[in-house]
Amino acid sequence: MLRYAGVLITLPLLLAGESSFDDAFRNGTVHGEFKLFYYAIDKDQEADPHAFAAGGHLKLSTDTRQPLFAAVRFHTSQPVGGNSFPEKTALFNNDKGAEALNVNSEAYLGWNGKHRVLKVGNLMLNTPMMNDDTTRIVPWSYQGAAYTGEALPDTKVQLNYISKIRSHTSDSYKKESASGGIGERGVTMLGIHYKGFEHLALESYYYYAPDLYSTFIAQMDYKLLLDEENLFCASIQYFKSGNGGKYAQSDNRNGGDDIDLIAAKIGYFAEEWMVSLNYSRNYGISGIVKGYGGLAKVFTTSMIANGRGNYGPQTWMVKTRYDFPMTKWGESEIAFTYTHTRADDTRGDDFDAYYAHWKHRFNTDTSLYLRYEALDHHNKSDARYLRLITSYRF
Amino acid sequence: MHTFRYISAAAALLIAGTQGFAAEKAVTLEEKGAESVEINSIADAFTHGKVKGLIRYSGQHRDSNYHVLQDASTDTSSEKVQAYSALGGYLGYETAPYYYTSVGATFYTSNPFLGSNSDSRKGLGGLYEADGGQDSYNVLGEAFIKFQTKEHMVKIGRQEMPDYRFVSLSNIRMTPFTHEGAVYENTSIEGLKLNLAYITQQKDRNAEKFQDMVRSARVELGSGGKTKVRGTYDPANFNNDGKYAGKDKAMSMGGLLYSQDSWKVELWDYYVNDFINTFYCYGQYDLYPSETWKVTLAGQYANQQDVGEGVAGNVDTWFYGLKAQAASDNGMLFFVSYNEIEYNEDSYDGGTIFVRWGTPQMFNSFQVQDSELAGTKSIGVGAQFDLGALGVLDSTVIRFRYADYDMPDNLYMTDARQDRTEATFDLRYSFTKQSGFGIFTQLDGLSIQFRLAYDQFETDYDFDAYKRIHGYELERVTDDFVDARLYIDYVF
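Residue numbers (the numbering used here), protein chains in the order written: chain G, 1 to 394; chain A, 1 to 492.
Simulated from the structure, these hints should not be mistaken for lab results.
Hints may contain errors.
One-sided excerpt, in silico: chain G residues whose CB lies under 7 Å from chain A [claimed, not checked]: (1) F25; (2) R26; (3) N27; (4) T29; (5) V30; (6) L68; (7) V72; (8) F74; (9) T76; (10) N102; (11) N104; (12) D171; (13) I334; (14) F394.
Note that the Cβ used here is the ideal one computed from N, Cα and C, for glycine as well.
Make the full structure from the sequences, and use the hints.
Dropping the structure here:
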């Protein structure tokens, strides 16, 4: 499908004339990011993987103000030596023995209409069950078409059709999602956002994947601005899957046809700090860790610990963050998260987790990010995770 | 330990430099390349760097499974046709120089697009073939740091090396060769250019990985029952498939180029540890018999010898070439050229020249035939017409060539091959220039290149007798074939 769409859209571009084609490039933009990433995992009674990676991305977009536009983005993650069991860090190409990972994460042709955008090709998405997951250097990406319409007041409609998916540890687009094959019929998503009510935002999604499983999602967000520096928020979300196809596995940790999850959070944001209490309860036996691709956007999400596992976990999570005042060296924040998860099913995973991070932004483009999380499991070995990430965007 | 140093140094550089960083600005491609901008910080260097990009559609079709060394490293399938149709190119970014120093990176890609890209048609190397099919590939082909003043240039890392004769891009599929190593160029003496390089690895045109310089030369123990390696060698350096499996070997390269008004000479040497040394020299002299015509006389000579452990056994071969060319100032060009390659059955593959690090340098290296095979004596003629300059058809250049390759073809010869001829036609059309360019001139903007070759092989041999004598078959091409190539390039 990609190839035919490419021809259909490229031909008019070429025929539109050399000068407009040149203008589209002359007024295009290039952005990039350079990252150094260190990741170490320490598990009791198991080998301890660690890896260094250097990489980032380079993206070119033609003039997006034109009716027709295009973009291409490459990501790379290169091992830089001293690695141990690097495949367990998910930083490299696990299809090819954890070697360097070079991918075409975006290559699409776009059409701009009035309040409408259509993109066809390789795409990075940001939806609850299909997203890019930028927690490594190389994200997930998707092959297909994505339409966004905002013609109706206060309403945004998204319609995506995805025929192939590339995981963040692969350079190939396949008919394979994070939780199983998607077959010839792929995944179709309809999303509706409505912001017409004061203080209230509503969004709902339906993922139709007949060969795997389909998922309904609803979310409501309430925000009350108390004054210029203080905000109170409360949200609730619901995930329900079903209609399992030939590739569905009900007890799959990443996603199956028996997700029945409700989550809620309340939070308070002041000028320099925030605190939130998050809760989720999955009444089904299917997990929802990655969904169709990326990381499923459930409120109970920390770096590693989460309430998205299988066999009916119930999770409480307290998140806090403090922003230090700006200095001549930039701006720092520290954060702490406590996670408490228990499952009714004996096959489930009971654990308590402690997460902390220090993030320093030297300016808007340059940052240093130190993340640590310790998981105390009740029925398997404990684990500790450390990530050090430096990043420069240009 | 090195990793720690690498990470630490890079992180320290990154963080130390941030004090000079400014907030990101939305800068278009046109503004990025502006040379008048003053660079006062690392942020300026990144913001005002240069983008290089190519969008290429390329399709190639050869109605034969005839496979030459310059095609893909994999063999062809059983189907008689080899073909690919692909969309790809490259996207690269190099920062503006800050204290004469810049960094750059380029991604290269090729993807099946339209046409037939069935696995059974592989062999040409337009798509990724290492897994047995014809698939997409993406590779970080350039990642370098460069220091450049008016007279000195040092570049370290993965990079395109376009101008080092035997080491060059050979960008005749979807993406070029790139190499990994360090280069130094000096132009401090007027008319003289010094090139030095230490090259550790090469990325093949359609590869995802870099390989050392012996593997890149495609050394193999033998093929089709014939042993290519001659003399003393260590069998442990080859795997069960007959491919080189020994230690990685690097190349040291030096080049001196000296030019005056009407003449120039070039001396090059390429030394690959424990493999071969290649010495190459080239000279040309320009004559002006009239106000409108320039005649160029050129000669070339190369000598290739095994060195050190000689992982490919004995290598003792040479070639030379002579060429005369006449060009008019209104866009006509005619040439005649001659090449002869040593035939030596005590040398690897009978004296075939290793040319796999770039574009084969023989004058009679045409479209499919490269005139590098053992004992080849070739004569070529050609004519090129810049139709724009001639006032016939704007923006169009055409070229016709014909070469006769006289091979060593007696039945008793270990490395006999069929005599052959090749006729070619090339057309280049530019959407940005009216005239003054050639078939391979790098052109900005949109251009189209169409190339056609017709190859004919002599078949009047007793192939059965040859097999009876040697125990293996003479490589046999019984049907004439056509090799057609189309490139639609947009360079920005």
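Hint by hint, here is what the structure shows:
The restraint placing F25 (chain G) at the interface with chain A holds, with a minimum CB-CB distance near 5 Å, inside the 7 Å limit. This hint holds: R26 (chain G) has a C-beta 4 Å from the nearest C-beta of chain A, less than the 7 Å allowed. A hinted interface residue such as N27 (chain G) counts as satisfied when its beta carbon comes closer than 7 Å to some beta carbon of chain A; here the least separation is about 5 Å, so the hint holds. Taken as an interface hint, T29 (chain G) checks out: its beta carbon lies about 6 Å from the nearest beta carbon of chain A, inside 7 Å.
Annotation: interface hint on V30 (chain G) holds; nearest CB of chain A at approximately 5 Å, less than 7 Å. Given the 7 Å rule on beta carbons, the hint for L68 (chain G) is violated: about 14 Å separates it from the nearest Cβ of chain A. A distance limit of 7 Å between C-beta atoms decides the matter here; for V72 (chain G) the minimum to chain A is near 6 Å, and the interface restraint holds. Evaluation of the F74 (chain G) hint against chain A yields a held restraint, the C-beta minimum of about 4 Å falling below 7 Å.
Against a cut-off of 7 Å between C-beta atoms, the interface hint on T76 (chain G) holds, since the closest Cβ of chain A lies about 5 Å away. For N102 (chain G), the suggested interface contact is upheld, since its CB lies about 4 Å from the closest CB of chain A, less than 7 Å. At about 5 Å, the closest approach between the beta carbon of N104 (chain G) and any beta carbon in chain A falls short of 7 Å, and the interface hint on this residue holds. Residue-level restraint check for D171 (chain G) holds (minimum Cβ-Cβ distance to chain A is 6 Å; threshold 7 Å).
At its closest, the beta carbon of I334 (chain G) sits 18 Å from a beta carbon of chain A; the interface hint therefore is violated under the 7 Å criterion. A distance limit of 7 Å between C-beta atoms decides the matter here; for F394 (chain G) the minimum to chain A is near 4 Å, and the interface restraint holds.
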